[in-house]
Amino acid sequence: MHEKDIQFVEESFKKYYFDHFDLIHVPEKPEQREFGFQKFTGGMNRHISIKNDKELHLFLRNKVPSDVYCSNACYSFPNLPMSEKDWKGADLIFDIDAKDLNLDSRKEHSIIKCTSCNKISKLQDSCPHCNSQKLSVITLTCKDCIDATKNEVIKLSAILSNDFSIAEDNIKIYFSGNEGFHIYVLNSVYDKTESKERSELADYLMFRGAISERYGFKKSSFPELDDKGWKGRMSKQIFGSESKRKKIIKEIASNGESSFQVLLEKLKDTIGVKIDPNVTMDIHRIFRLPGSINSKSGLTKLYCENLEKFDPYKMACFIDDEPIEITANTPIKFELKNKKFGPYENEKIELPSFVAVYMICKGIGTLAI
Amino acid sequence: MITLGTDEITKYPFLAEGGQFLKDKGFSLEQFGLDPDLKNIVDNAYQRIETAANGNIYKSNLQNGSSTESNLSLEVFSFLIAVILLKLSGKNTLIQRFSLAEARRAEKFLEKDLQHSDENNEKLGIKILSELFSMNVEKQDGKFVVLISDYLKHSVHFHEKEWKLVNRHVDNGKVFLTSHEAVRLVRKELASYIRKKINSMSLPPGLDGFDDTVKKLGSIAKKFHVNIVESTEYPPCIKYAIEVLEKGENLPHSGRFLLATFLLGKGQTVEQIEPLFKNAPDYNEKVTLYQLRHLAGDQGSTTKYACPSCEKVKSNNLCFPVPACDKIINPIQFGRKIDA
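Protein chains in written order, with my numbering: chain H, 1 to 369; chain W, 1001 to 1340.
It should be emphasised that the hints constitute simulated quantities derived from the structure, not laboratory data. Glycine residues also receive a C-beta, built at the ideal position from the N, C-alpha and C atoms. Among these hints, one or two may not hold up.
Only pairs whose alpha carbons sit at most 27 Å apart, straight line, appear in this in silico BS3-like list of lysine-lysine [said to hold, decoys possible]:
id, chain 1, residue 1, chain 2, residue 2
1, H, Lys196, W, Lys1327
2, H, Lys250, H, Lys219
3, H, Lys250, W, Lys1161
4, W, Lys1108, W, Lys1161
Reference listing, derived: stretches of chain H covered by chain W, where coverage requires no fewer than 3 residues with Cβ under 8 Å from a Cβ of chain W [unchecked claim]:
id, stretch
5, 162-174
6, 188-194
7, 203-210
8, 227-233
9, 272-285
Restraint-style ranges between C-beta atoms, simulated for each label pair [stated by the list, open to error]:
id, chain 1, residue 1, chain 2, residue 2, range
10, W, Gln1268, H, Lys119, 34 to 44 Å
11, H, Lys236, W, Gln1333, 32 to 42 Å
12, H, Glu55, W, Thr1093, 53 to 63 Å
13, H, Leu103, W, Ser1200, 53 to 63 Å
14, H, Asn45, W, Lys1247, 30 to 40 Å
15, H, Asn45, W, Tyr1290, 12 to 22 Å
16, H, Leu307, W, Thr1093, 55 to 65 Å
17, H, Lys340, W, Gln1272, 48 to 58 Å
18, W, Asp1208, H, Asn79, 50 to 60 Å
Between the sequences and the hints, there should be enough to build the whole structure, so can you do that?
In structure tokens:
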């Protein structure tokens, strides 16, 4: 990012942290959390202790970080090195990101930026300008992707409350600030579970590792449609209805156990929840701080009170609309605050600041001045 | 604290306060080494260890039906003396085998106690599970129900897929188990409970008369000395990582971490490993060397990073298992064979 772009984005972020401090709070037990931040110019700063909202707001205004993080874990000494922190427990966290859903529609709102010649083009395998294959893929706003990630959040919340008995009030859903959602489970019996156990929880949610002898073969019987947990969900997915169940069981039995095992493994792509297991099993992670801006997009990580009605490109976009001239470059269009922008052919254009910040953060725009 | 009658102590002798039990029955430890009339108990104790060392479970008199009070006491004595003999021998292999065999013996009783229609017995089983292993168990529709979080604490030690949570009946925060499964869940911990109890016990000074038996234990222990032979072949995940790099393709961070920590774990030096990364699209010699030194614990913090587990490798989509991977939990163990 150019110096002038950094300056502009930092100014915009600073203004946001001044105007919207009501959206930014320390989590529960702040004195036990580890905070961390990044600047546009440098690496990660970790092991920071912040005790209350006031300290946090002051910190944001002074440092103007590109990204701010806070641990899901609680420690006795959050600002000491990892081995001396004394881990006391951690919120159970989940990351659902559109990039992990492998949606077909994703191609339509992805573009490439060549790391050799820096040119931006429509999605393809190599750079049409210099043939290089060293490309970074940039994805722009997409309602379908957000809807698909919302569906995964709904699947996750249902299993968390039905199978894991987590009270709905303790499941907190946040828009990640880019292309997905972060889900926190607060004050649960899982706070003390360690990494290996969380990895098992992740496998459960993703329906990974299911074996045929527990879902119909050998000593087990084929699940009923109204069975609890995965048996019921698997049954509904495979059989659909009671009337088809017998016929399909016959088919499964005649195809043999190994093909049933393959079927079970494929089911994870449909009925499994598409979480990033590495996030869930990490008990020392510093996770993006709710209310802070995501420098990948300039959008805010925001609490979703009503997931169904939540429109991140409208509701999580808090940068003001002061016009600014930028050189915009994107072969496809995108939508912010209910307005469509682009395509732009490397052209100078005056746009509202929130669009300029989004484009600079995405790497498809640079200040014209 | 669980209070037990003699018949219960016989089933779970490791729960007894050994010294107190002997005292209550009018014996002292010293007597067993010296009194010829008690020689058969020492012999029984020896047999109990020998049976365990051979991988078998000691047949209890209880199972033969002769459960008189004195027989029950003899049974507890043989356990207590076995522990003394093991302590005197100092042979860890024997202590381990004995603990596991005793755990499996107790498992059978525990399972029966859980199934038993007599409410008291069932309560004892549940109490043992809850007090020894902090696992609260409730009985519901003939099943034993534990909290998911408690279940996971134990189940993560198993490698068989049937213990994965996804293969369990889960509902409303709980896992439903048969009595056999509930008991099987704590086998390892039961064995380690017994082992810890043996290890933490202190011997009274001046114990005489056990020398011959202890010597015999020494020769049993010799049988279990093993040589481990290691093949030099790499596991498929490591071969894959090397292949990707050789082709000049991008290996994700997790793959690079796996490869580097694996080779460091096998004793290779940073300088030997570094050239492998030369074909990486974003190769930078300085950065690579710095990162490798960091992983080796030579730079930055002195933490030496260990090779990630197979489970972690799997979750990073870097696992391509072959049959030889079946019995390992970390790539570093690939190709290790016991040469008996």
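Right, here's what the structure says about each hint:
no., hint, verdict
1, Lys196(H) x Lys1327(W), "holds, 18 Å"
2, Lys250(H) x Lys219(H), "holds, 17 Å"
3, Lys250(H) x Lys1161(W), "holds, 26 Å"
4, Lys1108(W) x Lys1161(W), "holds, 23 Å"
5, 162-174, "holds (count 5)"
6, 188-194, "holds (count 4)"
7, 203-210, "holds (count 6)"
8, 227-233, "holds (count 4)"
9, 272-285, "holds (count 3)"
10, Gln1268(W) x Lys119(H): 34 to 44 Å, "holds, 41 Å"
11, Lys236(H) x Gln1333(W): 32 to 42 Å, "holds, 40 Å"
12, Glu55(H) x Thr1093(W): 53 to 63 Å, "holds, 57 Å"
13, Leu103(H) x Ser1200(W): 53 to 63 Å, "holds, 58 Å"
14, Asn45(H) x Lys1247(W): 30 to 40 Å, "holds, 37 Å"
15, Asn45(H) x Tyr1290(W): 12 to 22 Å, "holds, 19 Å"
16, Leu307(H) x Thr1093(W): 55 to 65 Å, "holds, 58 Å"
17, Lys340(H) x Gln1272(W): 48 to 58 Å, "holds, 56 Å"
18, Asp1208(W) x Asn79(H): 50 to 60 Å, "holds, 59 Å"
The earlier numbered hints are all upheld by this structure, with none contradicted.
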